[in-house]
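*Asks:* Spelled out, the chains give:
2 protein chains.
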Amino acid sequence: MKKICLFLTLSLLCFCCIKAEDGSRLWLPNIKVVKRAKITLEVKGTTADIIKNELMNYGAGVPIVLTLNKKMGRESFSIKSSAKSVQIKSGSAVGLLYGTYDLLRLQDTGVSLSDLDVEESPSYSIRLLNHWDNPDGTVERGYAGHSIWKWKDLPYKLSPRYTEYARVNASIGINGTVLNNVNAAPAVLSDESLRKVKALADVFRPYGIRVYLSINFASPIKLGKLNTADPLDKNVIAWWHNKVKEIYKLIPDFGGFLVKANSEGLPGPKDYGRTHAQGANMLADALKPYGGIVMWRAFVYSSSDKDRAKQAYLEFKPFDGQFYDNVILQIKNGPIDFQPREPYSPLFGAMPITNEMLEVEITQEYLGAANHLVFLAPMWKECLNVVSNDIKAIAGVANIGDDTNWCGHPFAQANWYAFGRLAWNPNLSSKQIAEEWLKQTFVKDTAFVGPVSRMMIESREAVVDYMTPLGLHHIMAFGHHYGPEPWCDAPGARIDWLPRYYHRADSAGLGFDRSSTGSDAVHQYPEPFCSQLDNINTCPEIYLLWFHHVPWNYRMHSGLTLWNELCKHYQNGLDETRSFQKCWDNLEKYVDKQRFEQVQRKLKIQTHDAQWWKDACLLYFQQFSKMPFPKNMERPVYNLDDLKKVHLPITNYENPTRQMLP
Amino acid sequence: MKKICLFLTLSLLCFCCIKAEDGSRLWLPNIKVVKRAKITLEVKGTTADIIKNELMNYGAGVPIVLTLNKKMGRESFSIKSSAKSVQIKSGSAVGLLYGTYDLLRLQDTGVSLSDLDVEESPSYSIRLLNHWDNPDGTVERGYAGHSIWKWKDLPYKLSPRYTEYARVNASIGINGTVLNNVNAAPAVLSDESLRKVKALADVFRPYGIRVYLSINFASPIKLGKLNTADPLDKNVIAWWHNKVKEIYKLIPDFGGFLVKANSEGLPGPKDYGRTHAQGANMLADALKPYGGIVMWRAFVYSSSDKDRAKQAYLEFKPFDGQFYDNVILQIKNGPIDFQPREPYSPLFGAMPITNEMLEVEITQEYLGAANHLVFLAPMWKECLNVVSNDIKAIAGVANIGDDTNWCGHPFAQANWYAFGRLAWNPNLSSKQIAEEWLKQTFVKDTAFVGPVSRMMIESREAVVDYMTPLGLHHIMAFGHHYGPEPWCDAPGARIDWLPRYYHRADSAGLGFDRSSTGSDAVHQYPEPFCSQLDNINTCPEIYLLWFHHVPWNYRMHSGLTLWNELCKHYQNGLDETRSFQKCWDNLEKYVDKQRFEQVQRKLKIQTHDAQWWKDACLLYFQQFSKMPFPKNMERPVYNLDDLKKVHLPITNYENPTRQMLP
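Top line first, the protein sequences correspond to chains A and B. With this note's numbering applied, the first sequence corresponds to residues 36 to 697, in that order. With this note's numbering applied, the second sequence corresponds to residues 36 to 697, in that order.
Hints listed in this document are in silico derivations from the structure and should not be mistaken for laboratory results. Just so you know, not all the hints are guaranteed correct.
Said to hold, decoys possible - Keeping only pairs whose Cα atoms sit at most 16 Å apart, straight-line, the calculated EDC-like set for lysine to aspartate or glutamate is:
#, chain 1, residue 1, chain 2, residue 2
1, A, Lys-666, B, Asp-620
2, B, Lys-661, A, Asp-226
3, A, Lys-115, A, Glu-155
4, A, Lys-187, A, Glu-227
5, B, Lys-666, A, Glu-623
6, B, Lys-661, A, Glu-623
7, A, Lys-185, A, Asp-171
8, A, Lys-679, A, Asp-524
9, B, Lys-624, B, Asp-480
10, A, Lys-666, B, Glu-623
11, A, Lys-661, B, Asp-620
12, A, Lys-257, A, Asp-226
13, B, Lys-284, B, Asp-360
14, A, Lys-666, B, Asp-610
Keep in mind that this is a model prediction, so the values were computed, not measured.
Just need the whole structure built from these sequences, with the hints factored in.
*Replies:* Encoded structure:
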């Protein structure tokens, strides 16, 4: 009987994937099964109803028994099955929901359900999305339309998207969301605003998702009409305690605060001569009674050192041991800012007594926005492979907007999916995640999944090659960050916002000397990394120009000069994008017309942009290298002078259209 | 002694080519020799002074004796030399001048001068440039600035360019120039205008160059205030006789008239129910006493047949035998209009009693204007190989303007040079002409001349591949003719001005059926051509879509389908342009900075345009073929919808800049 149902499911799947899809389904099951599964569920409540509903609609017909087991963790679950039935156990209803989605994932990715023996627990207890959504509906670095939060309509009108959002996140184990931009408007804590937040929290709760808020450190002044926000001021402390009390009265399971303080012009404890620790602890003290936490961002600038890459470390390391235990330091994967490739941030593991969490960017701020196909799992794993044991939580800056397909680019959905999966288990391989996502989002045919998952996995190295190979970083356009501008100069801008500060191109060579003879950033890393990075001959070439100022004629491991190697990487990047186009075009028959053509259009833009990056960067750097292009390299088609005149008419909230590009 | 001087010359050559050159020198000698040649010259006069001057300045030191030999033709010459001296003989001073330039060419191309035995006579007695220059200084299809004729300043102020112009043309044997556009303003025959023309004729005369004019057939009305231009009208006849008399009083060696009549809206004898023959003969009759000729253009439209390609033949063939002997029919190389590739015009050889001449276009109206490197000798030879014995004269539409480098693109100069050389001797190979030009214009090093001459020779097939492969034609943009527009539709335009009339793309296939089952244009060709072209299996594939409407899945000789073969050609064209860029970049050390960078910039545009053409044509035709791109073909980077929106802000007198292109 099960076989028949599976067969039906498969045949239906194959049928369904031909009809046009608008991408709104994401990776969730879309095949209502014919023979319904017999569900036995001992728990009751909304979460239980959700479980029943999912299994009734999408379960593949085998009888399923779900039981609570108080010995198990709240989010842990097990799945055992025989040919006759499937048993799901967990310590809570939410754990059973996770087990349910895992079962559906196994079913939809073609795993036989007749002999399952799954034991799952999340690697981190806090797995969050960070929304950089503003009250006016714009999304900073958002490339998929406006915010999905319709603040004007809340709390009375609830978009059906809110439930879908919770469902989708629960299906990959995300258990919290920070609703608003870290550049936080104080108004988010107003009474009116909090009632809107409560409405969302009520929708999310049954899916095991807690709500968090980014707060503005000066809220007591801006909102509370106090004349200071000094964390040691009695009135300030009182104000925060009252505000937190008010929040928990509305939202008993409120998660806590995310704080960007004394960074990029935002207020913070240092405005009052206090330390980050004093600021964070004051808030932590207020949240502590309710089980709330403070996520304090380590993304700060500091005048203590000329090297931007060293500042967060210098700023925070001295405070190890001073943070309360419900404070957690939120650290970006790299020392600068979400570049296509960065070495891991040396702050990880550098503060053994302090709680640390990882912040990655799912939205492609520096990676082609919603135009480029770049699968980010390989990039995140590059960092997780080093830091996964140093962190207690993980946050991803969401790429979600109110576009029909949620993320702008159909393949950007894969990054949302991958983030959730890696937050649950950082040991999953990029390949497994890509294949899971493809089978659930498109079709299971290996003739499709094989080449497309390869393309996804190669896509990250491709973008590094055509944008910033060999350790180059931060050479993109000012402001919107789309497209190359290694020459960029912005009147009045901080020097460490300008590309030339980072690439340091001159007649002698290219790259930022962070070795012991330079800024000595290498010594923020423990051995053996420190010595390995410090020595130009042992420094991995993928980080070479990050840590060293390298002569143009330096011999790389390939035997090529730095200049020729650089040219080779930019050419590889361009060639890769062309191969992606071929790969996709040749799989047309596996994909519905709508998504096929959307991806095809975007791959054209990606190849165009790869040419743009290659020409711009190589023509610009050639002015310093004064070396000819390698004989076998494809020549530029743009003129540097023309490219220097390009200025895209977009804000930081937009994805450029093809028509805007050179 | 001679050896030393040659050595000096060479070393100087090598030295000079490194300093920046603005291209104004063209291919003329630029090395003033150290040891002056001893010149013995029996003739006197301005031409003799020119000869002396050239040899004194540029002759390589060997004693040179120039003598008249009345037995020889006026333009024929011989060069004999020993280690001790060079002997040049001719029937006239102009012939000696030709011999002089030939000697300098041999010297500058590295031929040993110690044992020359040259006998030269031109293959055609009339070798003309046609300027499409307008009185207002614009140049129709001119891409090198404004007209070099400064009518406002004439006849009193003479630009030094006029002498250079005559010198350059004499150096390649061009012996006549039609000063004004075939779309002729009547005012060109006004008394004031003729005095200006006389001033130019006086400059050109010593260089053996005669002046001709394009005339407007309605001049008797517009200029003479008559109420008709009927060629059989007594007053009209009288007016022309007087006008011709007036001209010859000013310009005793005036060459004659070029006439575009009853074509593209211009007046002609048919307006009065007279034939082309009656119109041409009336003018010929007036010119006859003075030795002037009428060049009557066969480029006409006619309603007698739906196939544009057949009309000139149908219009003129019936009049064979009716034209006076000083009338010559000027026929474009192909039946349509200077496309990248056309079969030869069937009018050639079809009128055995009529004088015929060939008109080719040196200016790159349909070949990338002054942006693309396209060496036209191979294209012209494709036609000359068939028609060279049918013609008595040859005319080339000039690509000359007042730009510093005369032709806009440094390599466009090579087409002016090649035209002159082929007009003198159509049996010269494209390779020899390219090498001659490169050695005189750049340097003699084989490491430079070898690859660059190969590039030049391949460039014509490349442009056919990326614009109109396999016999496609006339799918360019409306009006300015730059860039692809196979979809073009212009409200109110004649259907035979629109691409779809020519490519005939539909679900069944591609191409214009001119076989015996179609428009039967093939029967305008003699056997064996007719049968060969008529049969789809024997029709040369370079002309396939010119003569046949071919199914998309038709098997080509390669075994590929038509669609895949078409894709392959467009890809080849793009790949070729990239290889040209590499070729040029790798020869930087042989070229002065100024010209190197100018050519480099233009090669970038050419590669960009090849991509534009490939994407536009293949994406457009794919709508009809409904076939996928071959797996190994590089994918488009443009969207068809975007390209359809492209409208270049240029007139028919301009070369688009990179910034204007998509």
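*Asks:* Work down the list of hints and note, for each, if the structure agrees.
*Replies:* Structure-based check of each hint:
1. A:Lys-666 with B:Asp-620: holds, 8 Å
2. B:Lys-661 with A:Asp-226: Roughly 60 Å separates the two Cα atoms, so the pair is violated.
3. A:Lys-115 with A:Glu-155: Distance ~12 Å between Lys-115 (chain A) and Glu-155 (chain A) Cα, so the pair holds.
4. A:Lys-187 with A:Glu-227: holds, 11 Å
5. B:Lys-666 with A:Glu-623: Cα-Cα ~12 Å, so holds.
6. B:Lys-661 with A:Glu-623: Holds. Lys-661 (chain B) to Glu-623 (chain A) sits at ~13 Å (cutoff 16 Å).
7. A:Lys-185 with A:Asp-171: At roughly 9 Å apart (the allowed maximum being 16 Å), Asp-171 (chain A) and Lys-185 (chain A) satisfy the hint.
8. A:Lys-679 with A:Asp-524: Holds, at about 11 Å.
9. B:Lys-624 with B:Asp-480: holds, 11 Å
10. A:Lys-666 with B:Glu-623: Between Lys-666 (chain A) and Glu-623 (chain B) the Cα gap is close to 12 Å, so the pair holds against 16 Å.
11. A:Lys-661 with B:Asp-620: holds, 13 Å
12. A:Lys-257 with A:Asp-226: The given pair, whose Cα atoms are some 14 Å apart, holds under the 16 Å limit.
13. B:Lys-284 with B:Asp-360: violated, 23 Å
14. A:Lys-666 with B:Asp-610: This hinted pair holds, its Cα atoms lying about 15 Å apart.
The structure fails hints 2 and 13 (numbered hints given earlier, in ascending order).
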